[in-house]
Amino acid sequence: MSVIEVSHLTKDYGSKRGVFDISFEVNKGECFGFLGPNGAGKSTTIRHILGFSKPQKGSIKVLGYPSFKKYYKFLNKVGYIPGEIAMPAGLTGYAFIKMMQDLQGVHNKKKLDYLLDLFDLKPNVLSSDTKRMSLGVKRKLAIVVAFMSDPKVLILDEPTSGLDPIMQNNFINLIKEEKKEGKTILLSSHIFSEVDATCDRIAIIKDGKIVSQFVANDLKHATKKFYEIYFKTKVGYGKFYDKYKKTPFLKILRNDENKKMVFVEIDDKNINTLINILNQYDLDYFTNIKETLEDYFMKFYKEDVSYKGAF
Amino acid sequence: MDTIEIKNLTKDYGNKRGIFDINLTIKKGEMLGFVGTNGSGKTTTIRSLMGFIKPTSGHCFINGKECWKNASENAKNIGYVPGEIAFPDLKTGNEFLKNQAEFLHLKSGDYANEMTKKLQLDTSANLKRMSKGMKQKTALVAALMGNPDIILLDEPTTGLDPLMRVAFMNLIEEEHHKGKTILMSSHMFEEVQESCDRVALISDGHIIDIVSMNDIKNRPCKDYKIEFLNKEDFKKFMELGFNAARVQKKYNQVTVNIKNDEINVLFKELKGLKVKFISEIPYTLKRHFDEVLKVENN
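From first to last, the protein sequence lines are chains B and F. Going by this note's numbering, the first sequence opens with residue 1, and the numbers climb by one from there. Going by this note's numbering, the second sequence opens with residue 1, and the numbers climb by one from there.
It is possible that some hints are incorrect.
[As the list claims (entries may be wrong)] Below, simulated DMTMM-like cross-link-like pairs (lysine to aspartate or glutamate); rule was C-alpha separation at most 20 Å, straight line:
#: 1; chain 1: F; residue 1: K28; chain 2: F; residue 2: E66
#: 2; chain 1: B; residue 1: K61; chain 2: B; residue 2: E5
#: 3; chain 1: B; residue 1: K225; chain 2: F; residue 2: E280
#: 4; chain 1: B; residue 1: K269; chain 2: F; residue 2: E232
#: 5; chain 1: F; residue 1: K268; chain 2: B; residue 2: E228
#: 6; chain 1: B; residue 1: K246; chain 2: B; residue 2: E265
#: 7; chain 1: B; residue 1: K290; chain 2: F; residue 2: E227
#: 8; chain 1: B; residue 1: K225; chain 2: F; residue 2: D223
#: 9; chain 1: F; residue 1: K117; chain 2: F; residue 2: E173
#: 10; chain 1: F; residue 1: K271; chain 2: B; residue 2: D256
#: 11; chain 1: B; residue 1: K245; chain 2: B; residue 2: D256
#: 12; chain 1: F; residue 1: K271; chain 2: B; residue 2: E5
#: 13; chain 1: B; residue 1: K259; chain 2: B; residue 2: D282
No lab work stands behind these hints, which were simulated from the structure alone.
Chain B with its partners taken away, still in its complex shape:
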């Protein structure tokens, strides 16, 4: 069953800004990743899902309820972390937590204590005014508040932006646990390692449109591999290059005579052929270049930046 259903969502803010004909769904127990740079439309989409904005075209349902009209039917089942955290003034961390617990109508002390411990929020920090908290502490408090009522659905807009690697790791573990419990999660993020570690499916958004939607494992277990082969001698390099530059199963994508290197693409099923070929050469070094989520993402944005990566 799809818990979040976005179909043909359009919101045109003019001057090509907004979101255009966005469709995706997030199923129960699934973590769906939403990748895109600032201004691509991630937050706009998320704010529509929560019912904060009215779609110009298309429809959105959360737990079966239309977002804009019936948001009050599902909001108490949704944990939300906004992209920019603004906390009410004049409250201590503790008072803010209490206020949110009362609003959520859930006081789950066990979960709360677990989360405070996980994100290392100590009493001396929580008894200070939210205004005086550092950005990192505010972020961590927002995470705790979103998860503490144990909601069925979690909508997270760049939840760990600015947290250090240890806290990011704790966050990843938390997401994995929540998934095991059957929670449905929408995660928008800049941090590739985080999306890589948690998401089942991923959408890439560019200029308000979804340009790619795919199963995360398909990328991880791709059978197409890329290798850099360095030869000991120029002669060996030249011989290999001349012989295989037009071979269909062994595509030479790049070559560098000075480095005596060829960069090849080959499918796993042909790896034994490559090994047999390389046996006839004197090699200096052999390595594979993985296509990471970041590489894949950058392909869609290639024209915008002078990308100097592997591809």
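Once you've looked at the hints, dock chain F against the given chain B.
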């Protein structure tokens, strides 16, 4: 004389917070990465170099001049991007950059303009309404416009989106190629690994390790993970006596540690065996520091 010298620097804030007996030197033209969790002392070290903080004990020097006493003189040679950016109460990015240029007695704004173009920064935007990325870019332009020899960057890419990070890092690497001396703190191992000459790891106010990226990249051995299509070939390979770092029998997988000049021997032996895949497990900065910390904790 090294461009940046930190000698036995301690700033004790009590409750075990602060930095303790830090020793670090950065040569002219070198780019040093500085990694560690929040609260480990990166910012305190950088602020000491700027002369904002009086050390409890020890000293730090920029071009031989002690940082606390010569803060304003040293500042002329330093471009600094702080971790949390607070701009003066001015309307636009332009106004701020003009102010900075006057402050630095710059005759021309050409270099600032060149950078804003490269970063695709709209400097006419309202300073207060700028997004995190725009503020960060404005701060970088302000820090570099005077063409300083020394650049101190406190987590310059934290919170930036991937495209901005690439644009930002390209600009910093250009400065590095021009021969600037750079200290950059970061959360991201990948980032410092790609751009820095050496990297220091700080934890709880102590420098745990300093490593040269050349040593990380050019190791005498490599790890290769190999999976075989069937049990028989896996067994045959295992009998050859390669140095196996990890064996996963269930998957017919083995990770072997191979000296660089043994690569041809490996391929020779693999010939005739049915290989499903072979991939190198790179020795990364993260892996290096994980191993250092493991030793440290035992």
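Holds or violated: are the alpha carbons of K269 (chain B) and E232 (chain F) at most 20 Å from each other? With a Cα-Cα distance of about 18 Å, the restraint between K269 (chain B) and E232 (chain F) holds, given a limit of 20 Å.
20 Å Cα cutoff - pair K268 (chain F), E228 (chain B): holds (18 Å)
Are the Cα positions of K225 (chain B) and D223 (chain F) separated by 20 Å at most? holds (17 Å)
Regarding the pair K245 (chain B) and D256 (chain B), is the alpha-carbon distance no greater than 20 Å? Holds, at about 13 Å.
Please work out if K117 (chain F) and E173 (chain F) have their alpha carbons no farther apart than 20 Å. Given pair K117 (chain F), E173 (chain F) holds - Cα atoms ~17 Å apart, limit 20 Å.
Hint consistency between K28 (chain F) and E66 (chain F) [alpha-carbon to alpha-carbon, up to 20 Å]: holds (17 Å)
Would the hint linking K61 (chain B) and E5 (chain B) be met if the CA-CA limit is 20 Å? Judged against 20 Å, a Cα distance of about 5 Å means the pair holds.
Keeping to a limit of 20 Å between CA atoms, is the pair of K246 (chain B) and E265 (chain B) held or broken? The given pair, whose Cα atoms are some 12 Å apart, holds under the 20 Å limit.
Does the structure keep K290 (chain B) and E227 (chain F) at a Cα separation of 20 Å or less? Since the Cα atoms of K290 (chain B) and E227 (chain F) sit roughly 16 Å apart, the hinted pair holds (cutoff 20 Å).
Run the distance test for K225 (chain B) versus E280 (chain F): straight-line Cα separation, threshold 20 Å. holds (12 Å)
Verify the proposed pairing of K271 (chain F) with E5 (chain B), using a straight-line Cα cut of 20 Å. violated (52 Å)
Given the hinted pair K259 (chain B) and D282 (chain B), is their alpha-carbon gap at most 20 Å? Answer holds: K259 (chain B) to D282 (chain B) is near 14 Å, not above 20 Å.
Checked against the numbered hints listed earlier, the structure breaks hints 10 and 12; every other hint is satisfied.
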